[in-house]
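Asker: Here is what each chain is made of, one letter per residue.
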Amino acid sequence: QSVLTQPPSVSGAPGQRVTISCTGSSSNIGAGYDVHWYQQLPGTAPKLLIYGNSNRPSGVPDRFSGSKSGTSASLAITGLQAEDEADYYCQSYDSSVRGVFGGGTKLTVL
Amino acid sequence: EVQLVESGGGVVRPGGSLRLSCAASGFTFDDYGMTWVRQGPGKGLEWVSGINWNGDSTGYADSVRGRFTISRDNAKNSLYLQMNSLRGEDTALYHCARYSSLYRYGMDVWGQGTTVTVSS
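Sequence lines, in order, name chains A and B.
With this note's numbering, the residue at position 87 of the first sequence is 749, and numbering never jumps.
With this note's numbering, the residue at position 25 of the second sequence is 414, and numbering never jumps.
Next up, chain A with everything else stripped away, as it sits in the complex:
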């Protein structure tokens, strides 16, 4: 049972928009801690996709965007591409030095 709750799976056709939700509580996201998103392609290490709720590291396409409100956050992917098929994880903190992850969402591009 993960501290942050994500849907196990989402899917969409190429070119479509999908969103992945991440629900926490008043002790983590709602306490003001930032939310980060990671993309994990099969057999590889996770990659930072969105940091600080809505910021993209250099090299991440602007098709990826993040937002946060209250005790939840969401990741949106527009113009879906086959290469976006991966597992996506949200992450935050519930104290200054204790991290928490969501259970992960498998994105399938139809």
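Everything labelled a hint here was simulated from the structure, so no lab data went into it.
Please note: incorrect hints may appear among the correct ones.
[Said to hold, decoys possible] A few chain B positions that, by computed beta-carbon distances, are all more than 12 Å from chain A: (1) E390; (2) S414; (3) D462.
[What the hints assert, rightly or not] Simulated DEER-style distance windows between Cβ atoms: (4) B:G455 - A:Q678: 46 to 52 Å; (5) B:G431 - A:G692: 27 to 33 Å; (6) A:P670 - B:R408: 30 to 36 Å; (7) B:P430 - A:S720: 30 to 36 Å; (8) B:G444 - A:A675: 47 to 53 Å; (9) A:T681 - B:N463: 36 to 42 Å; (10) A:G741 - B:T417: 36 to 42 Å; (11) B:N463 - A:P676: 45 to 51 Å; (12) A:Q678 - B:G397: 40 to 46 Å; (13) B:D445 - A:P723: 36 to 42 Å; (14) B:R408 - A:Q678: 44 to 50 Å; (15) A:S720 - B:N441: 21 to 27 Å; (16) A:R725 - B:Q501: 24 to 30 Å.
Yeah, the Cβ is synthetic: ideal placement off N, Cα and C, and Gly gets one too.
Given the structure of chain A, go ahead and fit chain B onto it with the hints provided.
Answerer: Chain B only, in chain A's frame:
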């Protein structure tokens, strides 16, 4: 090239101990906090432990507190995870990752991981 390379994984019996290492290169190690994140077979990511830049602040997941100890040696650009009283549920691929205020404490560089198998 910025790189994190884990080592020290292996097969260990329940109740046994193992020490993981993470060698950092290509960046100023003591500018960053460090974490250990694990992924069990077919499972999601689990945050295990974190340590700030100078080692005076550490945190642990409830599942490992009291059994695992994180530490770092900035002179050797290395991070460690001492794992004692290992259980079957500790079987996982263990990644080290760095974080900093630059990325609002998101983890921007990850190692490929080292595998720990706890089995009799």
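Asker: Failing hints, ascending?
Answerer: Violated hints: none; all satisfied.
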